[in-house]
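Residue numbers (my numbering), protein chains in the order written: chain X, 56 to 307; chain R, 182 to 476.
In case anyone wonders, no lab produced these hints; they're calculated from the structure.
The structure presented is a predicted model; accordingly, all values stated were derived computationally and were not measured.
Here a beta-carbon is modelled for each residue, glycine too, at the ideal position from N, C-alpha and C.
Check each hint, because a few of them may be wrong.
Claimed, not checked - The calculated lysine-lysine pairs, modelled on DSSO-like cross-linking and capped at a C-alpha distance of 30 Å, are:
| no. | chain 1 | residue 1 | chain 2 | residue 2 |
| --- | --- | --- | --- | --- |
| 1 | R | LYS467 | X | LYS144 |
| 2 | X | LYS198 | R | LYS467 |
| 3 | X | LYS171 | R | LYS351 |
| 4 | X | LYS144 | X | LYS300 |
Claimed, not checked - The calculated label-pair distances, taken between Cβ atoms and stated as ranges, are:
| no. | chain 1 | residue 1 | chain 2 | residue 2 | range |
| --- | --- | --- | --- | --- | --- |
| 5 | R | ASP280 | X | PRO290 | 30 to 36 Å |
| 6 | X | LYS207 | R | LYS353 | 33 to 39 Å |
| 7 | R | ASN364 | X | GLY257 | 27 to 33 Å |
| 8 | X | LYS300 | R | VAL266 | 57 to 63 Å |
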Amino acid sequence: MAETATLSRPAAATLPAIDPGALLAVQNLEAWYGESHVLHGVSFDVRAGEVVTLLGRNGAGKTTTLKSIIGIMGKRTGSVRFGGEETIKMSSRSVARLGVGYVPEERGIFSSLSVKENLTLPPIIKPGGLTVDQIHELFPNLKERAGSQGTKLSGGEQQMLAIGRILRTGAKLLLLDEPTEGLAPVIVQQIGRTIERLKGQGFTIVLVEQNFRFAQTVADRHYVVEQGRVVDMIPNAELDANIDKLHTYLGV
Amino acid sequence: MFTIFGVPSAALFGQLLLGLINGSFYAILSLGLAVIFGLLNIINFAHGAQYMMGAFVAWMLLNYAGIGYWPALLLAPLLVGAFGVVLERVMISRLYKFDHLYGLLLTFGLALIIQGLFRNQYGVSGLPYGIPAELRGGQALGFMFLPNYRAWVVVASLVVCLVTWFVIEKTKLGAYLRAATENPTLVQAFGVNVPLMITLTYGFGVALAGFAGVLAAPIYSVNPNMGADLIIVVFAVVVIGGMGSILGSILTGFALGLVEGLTKVFYPEASATVIFVIMVLVLLVKPAGLFGRAT
Ligand SMILES: Nc1ncnc2c1ncn2[C@@H]1O[C@H](COP(=O)(O)OP(=O)(O)OP(=O)(O)O)[C@@H](O)[C@H]1O
Ligand SMILES: [Mg+2]
Chain X
56 MAETATLSRP
66 AAATLPAIDP
76 GALLAVQNLE
86 AWYGESHVLH
96 GVSFDVRAGE
106 VVTLLGRNGA
116 GKTTTLKSII
126 GIMGKRTGSV
136 RFGGEETIKM
146 SSRSVARLGV
156 GYVPEERGIF
166 SSLSVKENLT
176 LPPIIKPGGL
186 TVDQIHELFP
196 NLKERAGSQG
206 TKLSGGEQQM
216 LAIGRILRTG
226 AKLLLLDEPT
236 EGLAPVIVQQ
246 IGRTIERLKG
256 QGFTIVLVEQ
266 NFRFAQTVAD
276 RHYVVEQGRV
286 VDMIPNAELD
296 ANIDKLHTYL
306 GV
Chain R
182 MFTIFGVPSA
192 ALFGQLLLGL
202 INGSFYAILS
212 LGLAVIFGLL
222 NIINFAHGAQ
232 YMMGAFVAWM
242 LLNYAGIGYW
252 PALLLAPLLV
262 GAFGVVLERV
272 MISRLYKFDH
282 LYGLLLTFGL
292 ALIIQGLFRN
302 QYGVSGLPYG
312 IPAELRGGQA
322 LGFMFLPNYR
332 AWVVVASLVV
342 CLVTWFVIEK
352 TKLGAYLRAA
362 TENPTLVQAF
372 GVNVPLMITL
382 TYGFGVALAG
392 FAGVLAAPIY
402 SVNPNMGADL
412 IIVVFAVVVI
422 GGMGSILGSI
432 LTGFALGLVE
442 GLTKVFYPEA
452 SATVIFVIMV
462 LVLLVKPAGL
472 FGRAT
């Protein structure tokens, strides 16, 4: 254990200090699945209006980081401040009510609910969310298939539904876990355009991605997650200059 | 008077009506079990005791407070439901993190305690509860005599079952319930108070049992064992219909009541066991139950 800590230090040392005044400030976040210690001190920040990605290999801890932020990891320690408020001890219900919207990796579409019921399920927690019409304009498929069973949608449509339903709630911070995973290139492009539009409307987004080519088209900054830690931060403008380093991180 | 397959029509329709009455109770009780099982994943073994409590609370309201059948029809389920809410908060909610078996054991133990307490207090000979004045008497239909109260039980049960089905399947509140049944963690992560939903759902399921108990009070004698006898059959109904299926439990409840009635006419020796025979057959052919989704 001591060796790995020393090994990761040079990379960690290059990380800028966490801005406690950022919209989201995560510091020394650790998390466990039962006995299994999975996050070993994740630190990063996201300023209001930014799109930031978490990049990293399979099993690096990206999903666990999002789960810890929204509050569904059973055991977690460290600090997660959202809008200046410490949330590490809060239930996921309270975190959501502060204005955090969560799109899980498995999308979480309810099969016993219609598309329309899925879309309107998350309660409105703050003013300023999109209307159902605006969401339909963003994702016209959802309007056409409003009456279908949620899980009868294609993978891409389910992803749109999973994103669309948290836009209504007035959440300001969106946690998107691999929204492009397994989707056809045209759908990936559509999701990319959506993220840009949402950013334009002032949403702050944390995006988990494996596909950094896609991440590059939408994000301001990239954090690299490795073995339960954030080991590097690359501004989008410097991504191409750091491409070799990134290949090593991601093992591609 | 005419005969059908050699059976006098009055006997046949009389048994069918009895079957329908039993089916009404099977339907309400298995519906309550299904609602509770869906969200809490707990087989509520105290359901029979809570049904018995509904009948007793109606009897107590009448004999200690002079409150009659119609107010009791509302009050007794509310009181028994409130008792359920307290049970869930104080005891059952502590077991969610353990295996489902513990919830079953706890509610089974509670059922024995509740029944024991009522036996100590009121004995087992049964207390009379009169049919409300408005529903005494009956209709001569020509082929049979239809007692008004029994017709009322069937109608009331149907209405309660259909309204419950409608609320769960067609309303916003029901959408929360269905979603939380599928994935409580995610529903909570959307900012919904899932623990409160669970408590109220248990309370509602228990209130349904209490309502059935009030309906039963004028038909059967109010007896501490009335629930224990009935609930075994209701569990078989639930297994046949498919654990957790709302519409399944309603349809199966009524249908099995009728099957039981028909068996009484054509092969009385099997009437006490026919539901269990069907249960075994269903388990062999479709283990998830007729309306259940295999998981
Ligand atoms: N439910 C679980 N129980 C136990 N361990 C888990 C569980 N979920 C994930 N893990 C482990 O935690 C570590 C981090 O997993 P996590 O899902 O956060 O990775 P990830 O970066 O999202 O990976 P991917 O890119 O494959 O989605 C992995 O080693 C994984 O095996
Ligand atoms: Mg993941």
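Hints, one by one, checked against the model:
| no. | hint | result |
| --- | --- | --- |
| 1 | R:LYS467 / X:LYS144 | violated, 45 Å |
| 2 | X:LYS198 / R:LYS467 | violated, 37 Å |
| 3 | X:LYS171 / R:LYS351 | holds, 12 Å |
| 4 | X:LYS144 / X:LYS300 | violated, 36 Å |
| 5 | R:ASP280 / X:PRO290: 30 to 36 Å | violated, 50 Å |
| 6 | X:LYS207 / R:LYS353: 33 to 39 Å | violated, 21 Å |
| 7 | R:ASN364 / X:GLY257: 27 to 33 Å | holds, 29 Å |
| 8 | X:LYS300 / R:VAL266: 57 to 63 Å | holds, 58 Å |
The structure does not agree with the numbered hints 1, 2, 4, 5 and 6 stated previously, though it agrees with the rest.
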